[in-house]
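Peer 1: Residue numbers (the working numbering), protein chains in the order written: chain A, 1 to 158; chain B, 1 to 158.
No lab work stands behind these hints, which were simulated from the structure alone.
Warning: the hint list may mix true and false statements.
Derived pair list, reagent style DSS-like, types lysine-lysine, alpha-carbon separation capped at 30 Å [what the hints assert, rightly or not]: (1) B:50 x A:128; (2) A:68 x B:123; (3) B:128 x A:24; (4) B:67 x A:16; (5) B:38 x A:156; (6) A:24 x A:68; (7) B:123 x A:50; (8) B:123 x B:156; (9) A:50 x A:3; (10) A:123 x B:38; (11) B:150 x A:123; (12) A:128 x A:149; (13) A:128 x B:38; (14) A:123 x B:128; (15) A:50 x B:150; (16) A:67 x B:68; (17) A:20 x A:123; (18) A:128 x B:68; (19) A:128 x A:109.
Protein chains: 2
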Amino acid sequence: MDKKIDDFYYMREAIKEAMKARNKEEIPVGCVVVKENKIIGRGHNLVESKNNPLKHAELIAIESAAKKINSWRLHGCTLYVTLEPCAMCSGALVYSRIDRLVFGAYDYKRGYCGSIENLPTRKELNHKVEILGGIMEEECLLIIQDFFKKLRMRNKGN
Amino acid sequence: MDKKIDDFYYMREAIKEAMKARNKEEIPVGCVVVKENKIIGRGHNLVESKNNPLKHAELIAIESAAKKINSWRLHGCTLYVTLEPCAMCSGALVYSRIDRLVFGAYDYKRGYCGSIENLPTRKELNHKVEILGGIMEEECLLIIQDFFKKLRMRNKGN
């Protein structure tokens, strides 16, 4: 089976997570970590709800995956996330030894996996992550854009 | 009072944290977060003990500081750490809006605050961190070097 069929399937799961963030009025980003065709970690952005700068979707999903398999080394895992990871999360991909990253929308302003930098493939670091960007890009981007549009309208109303 | 006197004082506190990691046979890195001359967050490396790739000293200290002041924005805070932060932790400094970073030893192989990259001062990101590196460098470096020396000797013995 074409790997890309799986990629779409798991990206839909990441989108489900993003919608959970949306329902909590968080920036809607969602993530799943997959190993051997099984979701072993899930996460959605909770920075505001938890008042914690580290509660990005990716870090939550990585932490839950590591707990699930009882190892901090996530070899053989693919991380699916609706938005291109930031610098912090890109570093976390490297340090958790994730094999592969699949993301939805590009984040041209702060994305560190191709946009302003490509951190997980830097030759100086001791682990490289294979990257595929732009899967279900239109839907992932719409979810983000809709959130900020509503936020601007609400702020205008105040 | 010269700010540098405070810097030495708080770096000694970070070293105390590094020694806690050393006693747990973790890579000995320690960190404190300071706001208005008060330590509001502490952390030492716990990646192996917790089997969690995110348990770097800096992330633990940032998380505890955010909890302490009940805000994910750590404006007005200085983070002291015995080793130059990695990519993930450098990103966390930016996203938690830390004002200032003081670190001990340079990490020429993977340091992201001056060595292979200087992430927290990148013009594209929406927050800049003031950086001072090399405070108590000799001691901080010795603690790390001693750890790896013992590790190599032990592995040789096996």
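Peer 1: All the hints need checking, so say for each whether the structure fits it.
Peer 2: Comparing the hints with the structure gives:
With a C-alpha separation of about 24 Å, the suggested pairing of residue 50 (chain B) with residue 128 (chain A) holds against the 30 Å cut-off. For the hint pairing residue 68 (chain A) with residue 123 (chain B), the CA-to-CA distance comes to about 38 Å; that exceeds 30 Å, so the pair is violated. A C-alpha spacing of about 29 Å is found between residue 128 (chain B) and residue 24 (chain A), which places the hinted pair at or below 30 Å, so the restraint holds. At most 30 Å may separate the alpha-carbon atoms for a hinted pair to count; residue 67 (chain B) and residue 16 (chain A) meet this at roughly 28 Å.
For the proposed pair residue 38 (chain B) and residue 156 (chain A), the alpha carbon gap of about 39 Å is over 30 Å, so the pair is violated. About 25 Å separates the Cα atoms of residue 24 (chain A) and residue 68 (chain A), which keeps this hinted pair within 30 Å; it holds. The straight-line distance between the Cα atoms of residue 123 (chain B) and residue 50 (chain A) is roughly 28 Å, inside the 30 Å bound, and the hint therefore holds. Restraint check for residue 123 (chain B) and residue 156 (chain B): the C-alpha separation of about 46 Å exceeds 30 Å, so the hint is violated.
Using a Cα cut-off of 30 Å, the hinted pair residue 50 (chain A) and residue 3 (chain A) is violated, with the two alpha carbons roughly 35 Å apart. As the CA atoms of residue 123 (chain A) and residue 38 (chain B) are separated by approximately 40 Å, the hinted pair breaks the 30 Å bound. For a cut-off of 30 Å, the pair hint linking residue 150 (chain B) to residue 123 (chain A) stands: about 28 Å separates their Cα positions. Simply put, residue 128 (chain A) and residue 149 (chain A) have alpha-carbon atoms about 36 Å apart, too far for the 30 Å limit, and the pair is violated.
For the suggested pair residue 128 (chain A) and residue 38 (chain B), the alpha carbons sit about 39 Å apart, so the restraint of at most 30 Å is broken. A distance of roughly 25 Å separates the Cα atoms of residue 123 (chain A) and residue 128 (chain B); the hinted pair therefore holds under the 30 Å criterion. The hinted pair formed by residue 50 (chain A) and residue 150 (chain B) fails the criterion: a straight-line CA distance of about 40 Å is larger than 30 Å. About 25 Å separates the Cα atoms of residue 67 (chain A) and residue 68 (chain B), which keeps this hinted pair within 30 Å; it holds.
Straight-line distance between C-alpha atoms of residue 20 (chain A) and residue 123 (chain A) comes to about 36 Å, which puts the hinted pair past the 30 Å bound. A C-alpha spacing of about 36 Å is found between residue 128 (chain A) and residue 68 (chain B), which places the hinted pair above 30 Å, so the restraint is violated. At most 30 Å may separate the alpha-carbon atoms for a hinted pair to count; residue 128 (chain A) and residue 109 (chain A) meet this at roughly 23 Å.
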